[in-house]
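S.K.: Protein chains in written order, with the numbering used here: chain W, 84 to 320; chain H, 84 to 320.
By construction, these hints were calculated from the structure, which means they are not laboratory data. Careful, some of the hints might be misleading.
With the C-beta cut set under 8 Å, the calculated list includes, among others, these residues of chain H facing chain W [what the hints assert, rightly or not]:
| id | residue |
| --- | --- |
| 1 | 93 |
| 2 | 95 |
| 3 | 232 |
| 4 | 234 |
| 5 | 257 |
| 6 | 261 |
| 7 | 264 |
| 8 | 267 |
| 9 | 269 |
| 10 | 273 |
| 11 | 280 |
The model shown is predicted, which means the values in this text are computed figures rather than measured ones. Idealized CB from N, CA, C, for every residue including glycine.
Listed below, chain by chain, are the residues.
2 protein chains.
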Amino acid sequence: MNRTVDVCLSPDLIGSFDLNGKIVVIVDILRATSCMVSGIDNGVAGIIPVATLDECRDYQKKGFICAAERGGKQVEGFELDNSPFSYMAEDLKGKTICATTTNGTLAISKSLDADKIVIGAFLNLSALASYLQDQPNDIIIHCAGWKGKVNMEDSLFAGALIEKLEDSHSLNCDAPHMALKYYQSVKDNLQLTVENSSHAKRLSKIGIKKDIEFCLTIDKFEVVPILEGSVLVKMKN
Amino acid sequence: MNRTVDVCLSPDLIGSFDLNGKIVVIVDILRATSCMVSGIDNGVAGIIPVATLDECRDYQKKGFICAAERGGKQVEGFELDNSPFSYMAEDLKGKTICATTTNGTLAISKSLDADKIVIGAFLNLSALASYLQDQPNDIIIHCAGWKGKVNMEDSLFAGALIEKLEDSHSLNCDAPHMALKYYQSVKDNLQLTVENSSHAKRLSKIGIKKDIEFCLTIDKFEVVPILEGSVLVKMKN
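Isolated chain W (complex conformation):
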């Protein structure tokens, strides 16, 4: 099989990619996709990603527990913030929750033409790579970035995933080469490097250094969340 992997470094660039037949990996390391992986591993039955606060409110009215974040902070009136630790709470096991974040859920809503949408984070890196190696599809890694701009931690994750796929997939264009070389040049100092990223600095100001450290933990979990209809669920083995 001659499969390829490509990287879209910002949701504002996704229009240049043909998603038809592809598996899209959504990446928003700080913190949306790290939360999703943590929640699904914790036993959350499903996560409904929505792009707007209004949609989130609609789900809330129907009785769903809702997580809403804008600009790194929890939005008033919703139950959960955007911390992976919040997604690992005991009382969420078996529940389906609704979530909206600044960048991550937008990346999902812009990827709906894909064949499959899965969730990537450092937390499930190897499990995700192993799943992708078993699929016949070409891959597009869709980095959520920050309000349209390219960010460090999502680009680095793209590089880390590409490193895992180098033997099975060829690089489709130039961006994967950049992401791979970038990751390889800093991977021995990943934590320190990302702590200096613009978004980590933004988050540090609101006191969530513990979240950042957790989100950079490689292979803590083995789940791969996948979008089924409008709900992210645990992929069946």
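Position chain H against the provided structure of chain W, taking the given hints into account.
M.R.: Structure of chain H alone, referenced to chain W:
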């Protein structure tokens, strides 16, 4: 002076940048900005960059020599192609020409809100860096990319320029860090690396390997083309 440098990796991302008060460096290494630098060094009096073939035709009707490229190839009916060697022809000295290319001139037309627009290429790297160090403005390096996608050679040039500016400018966000690390990881094999870029492969198919080699030559020229009104001219010392 606390000045910053940022990188926009594709014209499709420029909307996320505030260009007000900035110097924008336009980069389209293969081959628009390499042509512009070569032409201006050759004594071309001015280059009028236009986004569309129709605008180019209008200038042609007014008697201007016109360069038009789409998809790497010369467009029928126009005098010049998009090779730096064509821009170095004797009979262009003192002339003002009009040029439209797939990506480079689009990046210019999307940067018009900037304080100043200058042209960057490996060919004038040090001269450009030296000019930028003398200016009070923050800098945005605007990579033309390829039809909206991020490309290798423009991103690498961004990294090369940032390396020159590291002592005078701080990195404004994450993309400059990525471009810098990317450049530093491959700079000892720049030629070989770029020969494997998607666009170099595209160009090689139409037989212009000589152009690629030339466009990667560092510091061949000392001119910095700058946009004055609607015309790129040689910056006065």
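S.K.: Next, verify each hint and record whether it holds.
M.R.: Outcome of the hint check:
Evaluation of the residue 93(H) hint against chain W yields a held restraint, the C-beta minimum of about 6 Å falling below 8 Å. At about 6 Å, the closest approach between the beta carbon of residue 95(H) and any beta carbon in chain W falls short of 8 Å, and the interface hint on this residue holds. Checking residue 232(H) against chain W by beta carbon gives a least distance of about 5 Å; that is within 8 Å, so the hint holds. Because the smallest distance between the Cβ of residue 234(H) and any Cβ of chain W comes to about 5 Å, under 8 Å, the interface hint for this residue holds.
Here the hint on residue 257(H) is kept, as its CB sits about 4 Å from the closest CB of chain W, short of 8 Å. Below 8 Å, beta-carbon pairs count as interface contacts, and residue 261(H) has one with chain W at about 5 Å; its hint therefore holds. Given the 8 Å rule on beta carbons, the hint for residue 264(H) holds: about 5 Å separates it from the nearest Cβ of chain W. Restraint check, residue 267(H) versus chain W: the minimum CB separation of about 7 Å is within 8 Å; hint holds.
The closest approach between the C-beta of residue 269(H) and any C-beta of chain W is roughly 6 Å, which is under the 8 Å cut-off, so the hint is satisfied. A hinted interface residue such as residue 273(H) counts as satisfied when its beta carbon comes closer than 8 Å to some beta carbon of chain W; here the least separation is about 13 Å, so the hint is violated. At about 5 Å, the closest approach between the beta carbon of residue 280(H) and any beta carbon in chain W falls short of 8 Å, and the interface hint on this residue holds.
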